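Take the sequences, apply the hints, and build the full model.
Chain order of the listed sequences is A and B.
Read left to right, the first sequence gives residues 1 to 348 (our numbering).
Read left to right, the second sequence gives residues 349 to 776 (our numbering).
It is worth saying that the hints were derived from the structure and are not from the lab.
Not one of these hints is a red herring.
In silico DSS-like cross-links for lysine-lysine, where the CA-CA straight-line distance does not exceed 27 Å:
(1) A:K348 / B:K557
(2) A:K185 / B:K461
(3) A:K204 / A:K179
(4) A:K40 / A:K247
(5) B:K535 / A:K166
(6) B:K407 / A:K70
(7) A:K204 / B:K633
From chain A, some residues computed to sit far from chain B (all C-beta separations above 10 Å):
(8) V58
(9) E86
(10) P180
(11) Q202
(12) K240
(13) A316
Every value quoted in this text rests on a predicted model; they were computed, and no experiment measured them.
Using N, Cα and C, we set each Cβ at its ideal position, and we do this for glycine too.
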Amino acid sequence: MKAFLSTPRSAAIALAAMTLLAGAARADITVISFGGSSQKAQAKAFYEPFAKAGGKVVPGEYNGEQAKIKAMVEAGNVTWDVVEVESPELARGCEEGIYEKLDMSRVGAKGDFVPEAVTECGIGVFVWSTVLAYNADVLKTPPRSWADFWDIEKYPGKRGMRKGAKFTLEFALLADGVKPADVYKTLATPAGVERAFGKLDQIKPHIQWWEAGAQPPQLLASGDLVMSSAYNGRIGTAQKEGKTNLKIVWTHQIYDFDSWAITTGTPKRDEAYRFIALASEPRNQAVFSAHIPYGPSNVKALPLIDKAILAELPTAPRNMESALASDPQFWAEYGEDLEQRFNAWAAK
Amino acid sequence: MPDVALALPDNPGAARTVSLKAQLRRAERRKKLKYGALIVPLVVFLLLTFVWPIAALMKRAVDNPEVVAAFPATCALLRGWDGRSPPDDTVFATLANEMAATRGTPVFASAAKRLNMEQPGFRSLMMKTAKALPPAAGRSAPAAGRSARAALIAADARWGELAAWQLFARNASPYTARYLLASVDRKYDDAGHIVAAGADEAIYVKVLKRTFGMSAVVTACCLLLGFPLAYLMATQPARVANVLMIFVLLPFWTSILVRVAAWLVLLQREGLVNQALRAAGIIEKPLELVFNDIGVYISMVHILLPFMILPLYSVMKGISPLYVRAAISLGCPPIASFWKVYFPQALPGVGAGGLLVFILCMGYYITPALLGSPGEQMASYFIAFYTNQTVNWGMAAALSAILFMATLVLYMVYLRLVGGQESASRTT
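Below is the structure:
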């Protein structure tokens, strides 16, 4: 929910206060992530080893909005040193100079990473995926696909989707029978956009929109929703916390990378590189995946991960069978237009 | 009083009087300056924190610097272009040169993003073209022009079409009305005429209407609930009134976020209200009280009620009970005497409270965002959307400017009404 939007600022203030107290100690860097269980896993996997190595992470969280970072860079007063960003924002931020071009030699061996994880300004942290999740206590016959998500008669009740065009439109097309390989081609045409919104119209009164990744597991567990789009990691950690009635349908999952990026003009560039290099090490990435089922970007981490966990990652071969890779170029290009269109549609 | 002396033309002391008058005037002026100096800090403060930010905001709403910053020479040429015939070779050559010079820089990316905002697909067109162009070289102009035209069209056929250049030309000036037009669901077509936005894009007129409508409903509810309470407080002995005042002020001092979250807990599907109603056997299925208009209205009225009660109370406190008593003793029935004698005296409080609540309502963001569905979002939600999500600050500024203007107009109307009433009451 919107409530935690204020936390990054308080984190920044806390950081400012701390640097003053510590006499600008070299080691404190602010690392901004998406919060919730993903950040808890990052604390175990990345912040703790970094602290052991003599550094200190001041954690902060945000919901992916680039405005604050852009304002910081323009004002020349950068207090967020390392930021976790989604791929379309990374691509745009890189072109617009919000993020620094990354010197891969200071991060690790390029060959160790999944090829898509290495970009000009970022290095992948993990692969995450948006899946169909449901409450097995409420739904006796498990849904199998996004087409079932649209089947109001067979599965009555409220459905959750992320408020925004991204992934919502893809899921609509997938439910309408478009093949994963054709989704972005279709969505780039006016007719395809029409088709996606038309499909969404069918279930519009039954959708409850969510904004923060922590919401779907809560709303599913409380019975407010019968099924929802959700980040697989959030469902995975909820299962681990005892909400075993929450289940994932991997059919037509959409996966993407979250990457580390260094904010242009940060005074702590060296520390930022040290942190990113450490967070990219196989050992630490394996710890991360053990805490939240997101796939590592460093392929050398795979042998270090428990077999049972591997099967629950978005990158597990069985889960990848019908998966769709999110297209950052498409969203960098059409994102603003489609989000506006989505707003107009949602407000009707 | 020196005028008396001046009125006598043949007064021998006239010269002295004039100088006396001048002296007096000088002394007055000095005094004014001295007093004026006392409010200088306030004026500076207001300029810095009030006037300047609003002016900057207004400017942001019409600013269009991106394309001009990246391609100044091309823009200068396009400003003189008629927009109907294909642009000549020099335009192609200049653009090719400027693209080659700026490609890969943030300036270029911002310009591409700006153009993409109007025509999705333009960003990749720019990126692709810039990548395909040879490095800028100092060849003779006509030859370079011809080859630049060929090179651009070879990179992408869209450069051979008028639409791409018209889009470019529309953004060749450092100011644009585009954002303001978009805020009222209007846009430029390819030929540069202002047309209504398509049904799929039109949204803001409806949102503005909704903003006004919801504010009006909330204000009316606040008045209906607040008026009797303020009356009660004004007429009770101080001890009771103070206790009532504490009930009004306690929630007022609590953070808005806490109050909104509390309503969420109370009103949600499995919340206290639904549980209580079900336990009492009044309903069988839980009511939908939140993520729709009901939840938004309940919590907004709750949050804004003190802003209605406090001005009402302060006005009512000053109304002497003697007038109503006199009216009743003269034979006017109680309801009529309340309506004819008491209510007109309370009207300034109704006006002030109503205006306060209405204006606060129009800028409300957090309550609808947390308790409403997309169908309840007001103008400020979209301002936040453009500021944070899409980093389209021009659009955010334009929407803010529209909202600001609407508030100003409203305030003007209020002043007119209240001012008219005061002069009317003076004449009677």
